[in-house]
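Produce the entire structure from the sequences given, and follow the hints as far as they go.
Residue numbers for the sequence shown, in the working numbering: 1 to 356.
Rather than coming from a laboratory, the hints here were simulated on the basis of the structure.
All the pointers check out, no bait thrown in.
25 angstroms max Cα-Cα, derived DSS-like pairs, lysine-lysine:
(1) K215 - K133
(2) K230 - K172
(3) K142 - K172
(4) K265 - K215
(5) K292 - K230
(6) K265 - K230
(7) K230 - K142
(8) K142 - K292
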Amino acid sequence: MHGLPREVRNWIYDFFYNEHSVAYLKIDAQLCIAAKGGSVEHYGLSSLCIGKPVAEQLEFMEGLLPCPELPYHMAMVELPSGRVADLHLFADNASVWLLFLDATAERDNRQRLQQKAYEMTLLQERERQLNEKLQLTNEALKQSQEGLSREYQRAESLLLNILPASIAERLKADEQIADSHADVSVLFADIVGFTERARSVGAETTLAILNYFFKAADLLSEQYGCEKIKTIGDCVMVVAGLPAARSDHAEALAHYALELRKAVKRERFAGEPIRLRIGIHSGPIVAGVIGKRRFAYDLWGDTVNLAARIQTSAEPDEIRISDATRKLLGPNFACEPLAETELRGTGRVRMWRLPA
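Here you go:
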């Protein structure tokens, strides 16, 4: 031990004191191994032959010797044993001392950090892909949005634009959404003469009108506590009384219809004010989420079908309601009776007109 250079002895004492493994090689002027010692077995160096060139036995030494600038440090070198060591070369007269200090733990820690970073990248990529699928699925419903927040906030924002908040929470909990509602009101509204006007004004103006219409429908849904379920071309479907039941669902939707008709008249389409046909019916429905990749929250039942039939029978600027809805409104709304009308697939139906 006393024949070793002071730097080598200091390293060895320190690492022995802290129960670390240290190995060393002495390399002569001919670049052959003159001596070896320390914990050579720990590093897989016990097979090195004294008297033979070091570069032939340790390939990573090729080109390192002779090294004109010593001491020299080379970090994180992979050894034949699979371990990793930091190499320190010291000059000692005509010889060079090569010291091996174990860096395996540091290498393993770096790999763990790299693995964690890789896993985080995978999670972020999966979340980005989910956001893209949701955005493609609901482009028609979200034309008014110009930008979405990224990562988790972006996914949350998209989900709440598709579904009522309580339904979104249940869906995120992997719950199957299939609910029966005994008493709701359903509204359909579309733009009068939309197809003919769209031909005359072009795509950009048509989209602007649809955006204005659906945006007004969204804002009024928030104001009156209704849920906009979907758009079908230039038609919007709205419901009151779900997901949370409310006794005044018919009144809420009647106010909604009156304000929607008033709101769209402020905008002109092909030189004329926008006019709507609106139909409302009240009764039981089934609501749920269908689909896996392109899922949608929708309503089914005779109540939905009759509301759609009433809407198509309405005159321009007219809000027609069923007899069932009229009874729920009570005396607060002065409704005008209409003659019984034959509706396709339904028969003769008594309806009322909801004036301004």
